[in-house]
Structures are given as structure tokens and as C-alpha cells.
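As a plain string of letters, each chain reads:
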Amino acid sequence: MEQNIEKHTIAVLVDNEPGVLARVIGLFSGRGYNIESLTVAEVDNAAHLSRITLVTSGTRMIVEQIKAQLDRLVPVHKVRDLTDEGPCVERELALIKVAGTGDKRIEALRLADIFHAKVVDATLTSFVFELTGTTSDVNDFVALMTQLGLVEATRTGVVAMAKGQTGF
Amino acid sequence: MSEQKLTGAQIAIKALKDQGVDTIFGYPGGAVLPIYDALFQQNDIRHILVRHEQAAVHAAEGYARSTGKVGCVLVTSGPGATNAVTGLLDALCDSIPIVCLSGQVPTHLIGNDAFQEADTTGITRPVTKHNYLVKDVNDLARTMHEAFYVARTGRPGPVLVDLPKDVQFAEGVYVPPAEVKHKTYRPQTKPEIARVEEAVELMANAKRPIFYTGGGVVNSGTEAARLLTKLVQMTGFPITSTLMGLGAFPASEPQWLGMLGMHGTYEANLAMHGCDVMINIGARFDDRVTGKLSEFSPGSKKIHVDIDPSSINKNVAVDVPVVGDCAAVLEEMIRLWSARQQRNDPAALKDWWKQIDGWRARNCLNYNRSESVIKPQYALERLREALKGKDHYITTEVGQHQMWAAQFLPFDEPNRWMTSGGLGTMGYGLPAAIGAQIAHPDAVVVDVSGEASFLMNMQELGTAVQYRAPVKIFILNNKYMGMVRQWQELLHGSRYSESYSEALPDFVKLAESWNCVGLRATKVEEVDKVIEQMLAVTDRPCIVDIVVDQKENCYPMIPGGKAHNEILFGPEDSPSDATPEDGMVLV
Chain L
22 MEQNIEKHTI AVLVDNEPGV LARVIGLFSG RGYNIESLTV AEVDNAAHLS RITLVTSGTR
82 MIVEQIKAQL DRLVPVHKVR DLTDEGPCVE RELALIKVAG TGDKRIEALR LADIFHAKVV
142 DATLTSFVFE LTGTTSDVND FVALMTQLGL VEATRTGVVA MAKGQTGF
Chain C
62 MSEQKLTGAQ IAIKALKDQG VDTIFGYPGG AVLPIYDALF QQNDIRHILV RHEQAAVHAA
122 EGYARSTGKV GCVLVTSGPG ATNAVTGLLD ALCDSIPIVC LSGQVPTHLI GNDAFQEADT
182 TGITRPVTKH NYLVKDVNDL ARTMHEAFYV ARTGRPGPVL VDLPKDVQFA EGVYVPPAEV
242 KHKTYRPQTK PEIARVEEAV ELMANAKRPI FYTGGGVVNS GTEAARLLTK LVQMTGFPIT
302 STLMGLGAFP ASEPQWLGML GMHGTYEANL AMHGCDVMIN IGARFDDRVT GKLSEFSPGS
362 KKIHVDIDPS SINKNVAVDV PVVGDCAAVL EEMIRLWSAR QQRNDPAALK DWWKQIDGWR
422 ARNCLNYNRS ESVIKPQYAL ERLREALKGK DHYITTEVGQ HQMWAAQFLP FDEPNRWMTS
482 GGLGTMGYGL PAAIGAQIAH PDAVVVDVSG EASFLMNMQE LGTAVQYRAP VKIFILNNKY
542 MGMVRQWQEL LHGSRYSESY SEALPDFVKL AESWNCVGLR ATKVEEVDKV IEQMLAVTDR
602 PCIVDIVVDQ KENCYPMIPG GKAHNEILFG PEDSPSDATP EDGMVLV
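So the protein sequences, as listed, match chains L and C. Those letters in the first sequence? Residues 22 to 189, per this note's numbering, in order. Those letters in the second sequence? Residues 62 to 648, per this note's numbering, in order.
For reference, chain L alone in the conformation it holds in the complex:
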């Protein structure tokens, strides 16, 4: 049996009703599945639909279970495994606060420029950078900033979409 741990990005379209997120999260905690990240927001106000993007990992058998279990929840419309279904775009947004003066401050700004991070707040002793990119871009940027006075970081988790013309 295949025992390799695979990482999958799964998109779930749900009715935006009270308790729906609790059902999804309760499913993961109750059955011992991993959540590496989870994001959720309403995507269709008129139809009351929300889209959840979650990144999870497990053996092939577990990932298939996760999808089947998600699909079984009554308010779930659709479950898509973006990792399985071909190439997809994955992005995260992060806010990263760095404090410091002198060379470190200049270096932080230079690196931010390389990463296409935007300065969204500045004081004489700190910056807040806004960075959008893949998870690994964000990881790399945070690792660099750690050496330059990282104060705090907050990340949205992954949102993702299949490439090409077909929709969800």
C-alpha cells in the first residue's frame, strides 16, 4: 500500500450558513486529519456561497478519505482536489513587521523590493511589508527578515485556483 505522505490543496464550495466552518474543522479534528492551512470567505453574496481552500497532507488513502468525508457534509456543494486536477495557482498574502535602524533597515527594504513586497506602514524604526506569493516565497522572505529584526508575521494561508479557462 502507498504510504508516501502527499500534500494536497483542496477547494470546497459550501453554503455560507452558521456552523459550516465548524463542521469542516470538526471533521478534521475528530478524524485526526492534518490542516496545514485553511482560508474561507464568501465568494457569491447572492447565492450565499463560501469557498474554503485548505491544504492538508496524508497518504493517498487518507487524502481520498478527506475528500469523501468533506463531500458527505450536507452543506457542501463541491469538493475539488486542485493538486490532483492539474496545474493550479496558489497564493498567500502575508503582513510582516520588521523593526530596526541603520543597515538592517536598509537591507530589509532592499530585500522587500526584490520580493515585490509593498510597504504598507512605516515609522522611523519599523516597516510593515505586504507580500503576496507562493508559500515558499513567503517562507523565504520570513526567514530573511528573521535576521533583520522580524517582530511579527501574519499569513492568510493558501488560496488557490485551477489554471485554464474552466471554472469551479
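Among these hints, one or two may not hold up.
What the hints assert, rightly or not - Cut-off 25 Å, straight-line C-alpha distance, at most; resulting in silico cross-link-like pairs (SDA-like, lysine to any residue):
1) K242/C with A68/L
2) K242/C with L34/L
3) K584/C with L596/C
4) K375/C with E27/L
5) K244/C with R445/C
6) K353/C with F630/C
7) K291/C with A265/C
8) K251/C with K375/C
9) K88/L with T245/C
10) K375/C with Q24/L
11) K242/C with G40/L
12) K540/C with R445/C
13) K88/L with R186/C
14) K118/L with L132/L
15) K436/C with L629/C
16) K244/C with Q24/L
17) K353/C with G485/C
18) K99/L with K242/C
19) K88/L with K196/C
20) K411/C with R186/C
21) K88/L with R247/C
22) K196/C with G129/C
23) K353/C with G79/L
24) K196/C with N66/L
25) K540/C with E593/C
26) K375/C with G53/L
27) K375/C with G51/L
28) K353/C with N66/L
29) K623/C with L426/C
30) K75/C with K242/C
31) K28/L with N374/C
32) K75/C with C154/C
Treat the hints as calculated values from the structure; they're not laboratory data. Here the structure is a predicted model, which means the values were calculated and not measured.
Given the coordinates of chain L, work out where chain C should sit on it, guided by the hints.
Just chain C now, kept in the frame of chain L:
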């Protein structure tokens, strides 16, 4: 057309009526008083007052399982709802369709730690198939109809509707069921034909096939059981079933091998172990059935028919998954099988049956008969004889007596056997028997019980007496939590930690105090007479205290963590190496 306004309570009752509900099991309280008031003012729905909310759900399960309808429950907020939790989970584990209405504090008090407030939808989320909190009376009718649809569609299960008291009082518009269509929930019931073709191809080329069927066939309905029987007879294959599936195929047929699993028959388990094609219909490869997963039926191709895609490839990887309702799949299988020219090599099938007959000859359910002490198996054999030809239903509690009942009582029809399989809820049997008896007032309903399990919901005797439900409580009294004692003997050096039933009541006097009939057998020769007396009681409940051998263990037994071919047959098999260390942790 002017729409007539109704109160929330009236809407709830009207929705129940329109859903075909004739009986509801419940217990009143502050937060459901408007519904009880509406119940009082109508005559279509009969309310059965239980003595504890857990029992209301079990009674509804007994009602549902014995009729094929959705069982209905009404409880109050807070403790009413939390008491129902065990019953709801029981129904979830065994896929029993239940709709439970719970009262809730008024919407403006939700979240204020009000009197008898509980986060009922939060607490019951993991123990229901789905649940709802209705905050607007105009959503109530739609929600009620959806609840029934979700409870009975696909893999059935319990659905809870939480109703704040102000919503029960508020006036709103009623919507009939026909106008309600669920937005998202459309389980697949018709199978993909290509998959069924693959399955039939495998079946037709099998040399050592076996049908392994489960509760899904019973849930699918009597038509599914009829089709299963037909297919099994057409193919000539052997068949075994899980605890939950008993009765879907007639136990009196020669192709029936008995139940499989931890306390299943030798022939069923060895046939599962040695088969080359396994046809699982509506069972879920539960750990009680598979034993050690890595050694479960190692040489077989596996077909799995299930209405719930999440049951497929969950525990055991299968070769041909077929998603669909059992009846729909069986119908296709029969059609394809009938149309086929090429079928199994008869010589191979004959050899397979010869091998199976050899295992059967081992007579694995044999036990050491005794003249001096009543063996529990003997009591059940006598019960079996006495029930022959009678319209009867059996429920059980949980433990040794349950396994013995599954081994020794034969079922030729579905919906006759009600037991707590997945959750293993002690205290299930008596309320379930009451539910079955309410649905079938003229039938004989027997709760095969143990003395410890009976104590868990014995307050329900009051319910049985009140509604003149003549349930028979057949207690195999060994003064121990028998299955706990058995495991302690086999796996924990006979250290009987807290498993002795100390301070038992006199069951005959207990029965008499409730104005029931109480009977007792302490000698072998008394068993038949007591059963005869029990069956003669038709106007009130009857408790039968069968004082059985305290040391009797339930065999055959596959200890936790062992494979199907590593079976203990009886006390002569050494328990010392019964369970490997990694098996000890398994329940």
C-alpha cells in the same frame, strides 16, 4: 390565495404529520411546552412519554428499524438535549434514520448561559448526520422537511432540529413537503453500470467467492433483501453477514454461513480469509469484522457496494468500488448475471463448498452442555424453539448475551433484529424493544438482555407499563458484565476489576413492583416452562431472570489484533498467547 398563519409549534406538528409521522417519543420540559401544547390539541400523532431522553432516541431507533420509517424524537433544551446525545450517536453509527426536535431557549437568550441552555447544535454536530438551529419561524417548515429528507436519503442517520421557544410561539407560513427541494444533498443511488459489469465479471470467474453483507441491505429496504436472496441463490455462492445485516438473507437457507467477525462462525471467518472474490454489499469493513487489517482476506479481489463513498477504501483497499443503493446495485447485478453465458466453473465452486462444509463440521458454536447449571446458549436455544412460527422481533443490549443472541437466534427476514452494533450502547435493548412493540403491538418483542445492561435503562419499564407494551426482558443473568469479565479473564490475568454486578435487585420483585410479570429460572429444567409463561403474558411487560453459568465465555473469538484464521474455540484454547502486545491496545 391568502396564506394561513400558524405558530411555530403548529408548523412543527403539521410538518411531522405531512412527513407521515404517527408516533413520537419524547419528554417535555420548559423549552418545548408550546409543542407539547400543540400535540395536546391534535389526534394524529401519538406521543410516547419515555423516562429518559436517551431512551427516547433508542425507542425511536427500534421503531425505525422495525418499520423502515424515520423515527421521531422530541426533547427539551439543555439536559434534555444532552441526554439524547448517546442515542443520536448510536443512530449515527448504525445509520438509523431519526429526526430529533429539541427545544432551545428563546433566540434573544442564546449565548447568555440561560437556564437549561446548551449549545445543542455545537454538542450534537459530531453525533448527527446534520443539524439545524431554526431562528426564523418562516424557515421552520422547510427545515423540518429537509431534516426528514436528509435523515432518510443516502446513508440514513439522525438529524436534529433545534427550536428556540420564541420561534415555537411566533406565527409564520407553512410550506408543504412537495415545495421543498434540498439545495445540495443528492447522494448517488444509481450505480455506474461499468462498475457493476466489472463486479459481475469478477464474480463469474471466481473460484472461491463469498458474499459479505451488512446493515446497508437492511437500510435499503425489504426489496434489497429480496434481491440479495435472489442473487445469492442464483449464484450458489456462500454468504455471511455482519451483526447489523442479520436477517437480510434467510438464516434457514443452506448457503448461510452465519455471522462473521470477532464472535462470528469458524466457517464464515475462514471463508472470508480464504476466498478469492469477496462481494461486500452494504457493509463497511468494521474492525470487529476485519480483525488484523494486514492479514484480512489477503488473497482476494474485493468488490464493495456502498451508498456512502467515504466508506469505500477507508479501512480496506478494494478492487471494484460500486457507489449506489444496495437495491439498485443488486438489481443490476441480477440483470447482468442472468444475461451472462459464462459463469463459474462448477467444479471449483463444488470444491469451495466442500472446504466450507469441512469447516462447518467443526461445529464451532458447540458448547459444554450441563445438567446442573443453565448455559446462556441453552437458554437462547430454547427461546429460539419457543419463538418458531411466532411473529417476533428481537432487540439486545450489549455484551456476551448480544453475541450469543446473534449466534443462536436465526433471522429469516430483515427488520426483525435490533441491536447496537457500531456504538455498542448498553441500555439500548429495552427502549428499542418498546419502540418496536409500539410499532407492532401484536408481535412478540423480546429484549435479550444482561443484568448489567438492563440496569442502564430499566426506568423504561415505566414507559412499557404505561403504554401496555408487553415487551419480554430476557435477562441472561451471570452477575457479571460478562464481556468485560471475559476480556479480563483472557487478556488481564483473570483480574476481575469492577466487573462483578454487586447489589443486584431481585428481578422478580422488581417486575412485580411495576405491576409487571416477573419470572425466574435457576435450574435447567425450568427454562422451557419459564419461556412458556413469558410468552403467555400479553398485557404487560415481563422480566425473566435466567440465572446462568457465571463463567461461560462467548466463543468462537478472534482476539483483538489477530487474523481471521487465528480463532479461539473454547476454554481449552490457551488464552496465554491470545493477543499480541500490539493487539492489547485494541478495544
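Results of checking the hints against the structure:
1. This hinted pair checks out: K242/C and A68/L have alpha carbons roughly 16 Å apart, not beyond 25 Å.
2. Between K242/C and L34/L the alpha-carbon distance is near 19 Å, which keeps this suggested pair within the 25 Å criterion.
3. For the suggested pair K584/C and L596/C, the alpha carbons sit about 19 Å apart, so the restraint of at most 25 Å is met.
4. At most 25 Å may separate the alpha-carbon atoms for a hinted pair to count; K375/C and E27/L meet this at roughly 17 Å.
5. Between K244/C and R445/C the alpha-carbon distance is near 48 Å, which puts this suggested pair outside the 25 Å criterion.
6. Annotation: proposed proximity of K353/C to F630/C holds, straight-line Cα distance about 18 Å (limit 25 Å).
7. Note on K291/C and A265/C: the hinted pairing holds, with a Cα-Cα distance of about 16 Å set against a maximum of 25 Å.
8. Between K251/C and K375/C the alpha-carbon distance is near 21 Å, which keeps this suggested pair within the 25 Å criterion.
9. Between K88/L and T245/C the CA atoms are separated by roughly 16 Å; this keeps the pair inside 25 Å, and the hint holds.
10. Proximity of K375/C to Q24/L is assessed by CA-CA distance (about 14 Å); at most 25 Å being required, the pair is judged to hold.
11. Proposed proximity of K242/C and G40/L is supported: the alpha carbons are some 21 Å apart, at most 25 Å.
12. A distance of roughly 23 Å separates the Cα atoms of K540/C and R445/C; the hinted pair therefore holds under the 25 Å criterion.
13. Of the pairs offered as hints, the one joining K88/L and R186/C holds, with about 19 Å between alpha carbons and a cut-off of 25 Å not exceeded.
14. Straight-line distance between C-alpha atoms of K118/L and L132/L comes to about 14 Å, which keeps the hinted pair within the 25 Å bound.
15. Taken as a hint, the K436/C and L629/C pair is honoured in the structure, with Cα atoms around 19 Å apart against an allowance of 25 Å.
16. The suggested pairing of K244/C with Q24/L is violated, with an alpha-carbon distance near 37 Å, which exceeds 25 Å.
17. At most 25 Å may separate the alpha-carbon atoms for a hinted pair to count; K353/C and G485/C meet this at roughly 20 Å.
18. For the hint pairing K99/L with K242/C, the CA-to-CA distance comes to about 18 Å; that is within 25 Å, so the pair holds.
19. With a C-alpha separation of about 31 Å, the suggested pair K88/L and K196/C falls outside the 25 Å cut-off, and the hint is violated.
20. A threshold of 25 Å between alpha carbons decides the hint, and for K411/C with R186/C the separation of about 51 Å lies outside it, so the pair is violated.
21. A distance of roughly 16 Å separates the Cα atoms of K88/L and R247/C; the hinted pair therefore holds under the 25 Å criterion.
22. As the CA atoms of K196/C and G129/C are separated by approximately 31 Å, the hinted pair breaks the 25 Å bound.
23. In summary, the hint linking K353/C to G79/L is supported, as the alpha carbons are separated by about 22 Å, within the 25 Å threshold.
24. Between K196/C and N66/L the CA atoms are separated by roughly 20 Å; this keeps the pair inside 25 Å, and the hint holds.
25. Annotation: proposed proximity of K540/C to E593/C holds, straight-line Cα distance about 24 Å (limit 25 Å).
26. A threshold of 25 Å between alpha carbons decides the hint, and for K375/C with G53/L the separation of about 14 Å falls inside it, so the pair holds.
27. For a cut-off of 25 Å, the pair hint linking K375/C to G51/L stands: about 15 Å separates their Cα positions.
28. At most 25 Å may separate the alpha-carbon atoms for a hinted pair to count; K353/C and N66/L exceed this at roughly 50 Å.
29. Between K623/C and L426/C the CA atoms are separated by roughly 20 Å; this keeps the pair inside 25 Å, and the hint holds.
30. For the hint linking K75/C to K242/C, the alpha-carbon distance of about 18 Å falls within 25 Å, and the restraint holds.
31. As the CA atoms of K28/L and N374/C are separated by approximately 19 Å, the hinted pair is consistent with the 25 Å bound.
32. Of the pairs offered as hints, the one joining K75/C and C154/C is violated, with about 29 Å between alpha carbons and a cut-off of 25 Å exceeded.
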